[in-house]
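Construct the complete structure from the given sequences, taking the supplied hints into account.
For the protein sequence lines, the chains are A and B, in the order given.
Every letter in the first sequence is one number past the one before it in the numbering used here, and letter 96, counting from 1, is 96.
Every letter in the second sequence is one number past the one before it in the numbering used here, and letter 128, counting from 1, is 128.
It cannot be assumed that every hint is accurate.
To be verified - Only pairs whose alpha carbons sit at most 20 Å apart, straight line, appear in this in silico DMTMM-like list of lysine to aspartate or glutamate: (1) A:K100 <-> B:D125; (2) A:K100 <-> B:D151; (3) A:K100 <-> B:E35.
As the list claims (entries may be wrong) - Stretch by stretch, here's where chain B covers chain A in the computed footprint (C-beta under 8 Å, at least three residues): (4) 83-94; (5) 158-172.
I should point out that these hints are in silico values taken from the structure, not numbers from a laboratory.
None of these values were measured; they are calculated from a predicted model.
Here a beta-carbon is modelled for each residue, glycine too, at the ideal position from N, C-alpha and C.
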Amino acid sequence: MSQDGPTPLERFINGILPENPVYRQILGMCPTLAVTNSMEGALTMAGAVAFVLICSNVLISLIRGLLKPHLRILVFTLTIATFVTIADRVLAAYMYEMSKQLGPYVPLIIVNCIIICRCEVCASKQGLRAALTDAVGQALGFTLGLASIATVREILGSGTWFGRWLGWRVIPEAAPQHWSPWVVMVLPPGAFITLGLLMGAVNWFAARKAK
Amino acid sequence: MKNSYIGQAWLVVVLSLCFGAALAAVQTTLQPRIEQNKLADTIGQIPKLVPGAAGGELQRVGDQVAYRAMDASGQQVGWVLAAAGQGFADRIELLIGMDAAAARITGLYVLDQKETPGLGNKIVDDAFCAKFQGRATEPVLVVTKHAPQADREIEGITGATISSESVVGIVNAAVAKFREAPKP
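Right, dumping it as C-alpha cells:
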C-alpha cells in the first residue's frame with residue numbers, strides 16, 4: 001500500500017516549494033492573511049499548524065486500513081479538532097500573550113484546508129513514513145509562506161522584525177521625516193497586497209525557470 | 001454485522017471516546033494554569049490602576065466582578081472593576097480603577113479588544129487610558145472632538161470615534177451600576 005504514490009522523500013520536498021501550501025495550493029488563506037502582521041504571530045500560527053498537521057497525518061495513516069470511505073471526512077475532522085483544541089489550550093496555558101493576540105485564529109485551524117487535504121491526499125493512502133515526511137514538508141512550506149508575508153508586512157508596517165520577541169528594529173525610528181510606518185501593511189489590505197505581489201513574484205520565477 | 005450501523009461507525013465511536021478522554025485530561029491539567037494566567041493579568045494591573053495598591057482580591061458586587069485593591073498593610077485603597085461591552089469590532093473588556101468611595105476613576109486598562117489595528121486599537125495605549133485618570137464618576141463622561149474643557153470631557157481618538165465612545169459608554173454604565181450596588 002505504501003508503494004503507491006510519491007516516495008516519502010518526494011513528499012517532503014514537494015511540500016516545501018513545488019507544492020507549497022500558500023503559493024502553489026493556495027490553501028489556508030485565512031491564517032495567511034489574518035496573523036501575518038508580525039513574525040511572532042506568524043511563527044506561532046505556523047507552529048500550531050505544524051503540530052496539528054503532523055499529529056493528524058500520523059494518526060490517520062496508522063488507522064487508514066480501518067477507514068470507511070463515506071465516513072473518512074468525519075474521522076479526519078474529529079482528529080483535527082482534537083489536536084487543534086489541545087494546541088489552543090497549551091497556547092493559552094504557556095503562551096498567554098500570544099494566545100490573546102491570535103484570538104480566534106487558533107481554534108479556526110480546524111477548518112484549515114491544508115490539514116484535511118493532506119489527510120485525504122497522503123495520510124489516508126500511504127504509510128507512516130510518507131505521511132510523516134509529507135506533514136513535515138507541508139508544515140515547513142506553510143511556515144515559509146507565512147514568514148515571507150510577515151517579514152514584508154512587519155518591516156513596512158512597524159519597522160521591526162521579531163519586534164516583540166527580539167526587539168530588532170529594521171527601519172530606525174529616529175527619522176520620521178524620511179520614513180513613517182505604513183499602517184496599511186498592518187491592516188488586512190496589506191495582507192492581500194503582499195500576498196498578491198509575492199505570489200506574482202513566485203509565479204514569475206517559476207515561469208522563467210520553465211522556459 | 002458488516003452492514004449494521006455499529007459495523008459502519010464503530011471507529012468513529014471509539015475515536016470519539018478516546019479523543020474525549022484525551023481532551024478531558026488536557027483540560028484538567030491545563031485549566032488551573034490558564035485561569036491563573038487570566039487572574040495574574042488582572043491582579044498585575046491593580047497597582048497601576050489604583051495608586052498605593054500592592055495587590056488585590058476578587059470580590060463580587062451584585063453580578064459584577066470587582067477586585068478590592070489593598071495597600072501593603074492590607075488597608076483598602078480602592079476598587080478595580082471588570083467591565084465589558086460592544087466595541088466597533090468585538091467585545092471590549094476593561095478594568096476600571098477607582099478610589100475606595102468609587103467617586104473618582106484612578107486608572108483604566110484594556111484587558112481584551114479586537115478593534116481596528118492602527119486606529120481603534122489605540123484605546124489600549126497609555127495616551128488614551130491616562131485621560132480617564134482623576135475623573136469624577138458623577139456626572140457621566142462624554143467624548144469630545146477637541147481638547148477637554150470640563151472635568152467630564154474625554155478627547156476621543158482621531159479616526160476611532162466609535163471605539164472611543166464604546167470605551168466611555170462601557171465605563172459609564174459599569175461605574176453607575178457599581179456605585180448603586182451595595183458593597184459587601
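Taking the hints in turn, this is what the structure says about them:
With a CA separation close to 17 Å, the supplied pair K100 (chain A) and D125 (chain B) stays within the 20 Å bound. For the hint linking K100 (chain A) to D151 (chain B), the alpha-carbon distance of about 34 Å lies beyond 20 Å, and the restraint is violated. Only pairs whose Cα atoms come within 20 Å are accepted, and K100 (chain A) paired with E35 (chain B) is accepted, the gap being roughly 13 Å. A stretch counts as covered by a chain when three or more of its residues have a beta carbon under 8 Å from one of that chain; for the region 83-94 of chain A and chain B the count is 7, and the coverage holds.
Three residues within the 8 Å Cβ limit are the bar, and the region 158-172 of chain A against chain B gives 0, so the coverage statement is violated.
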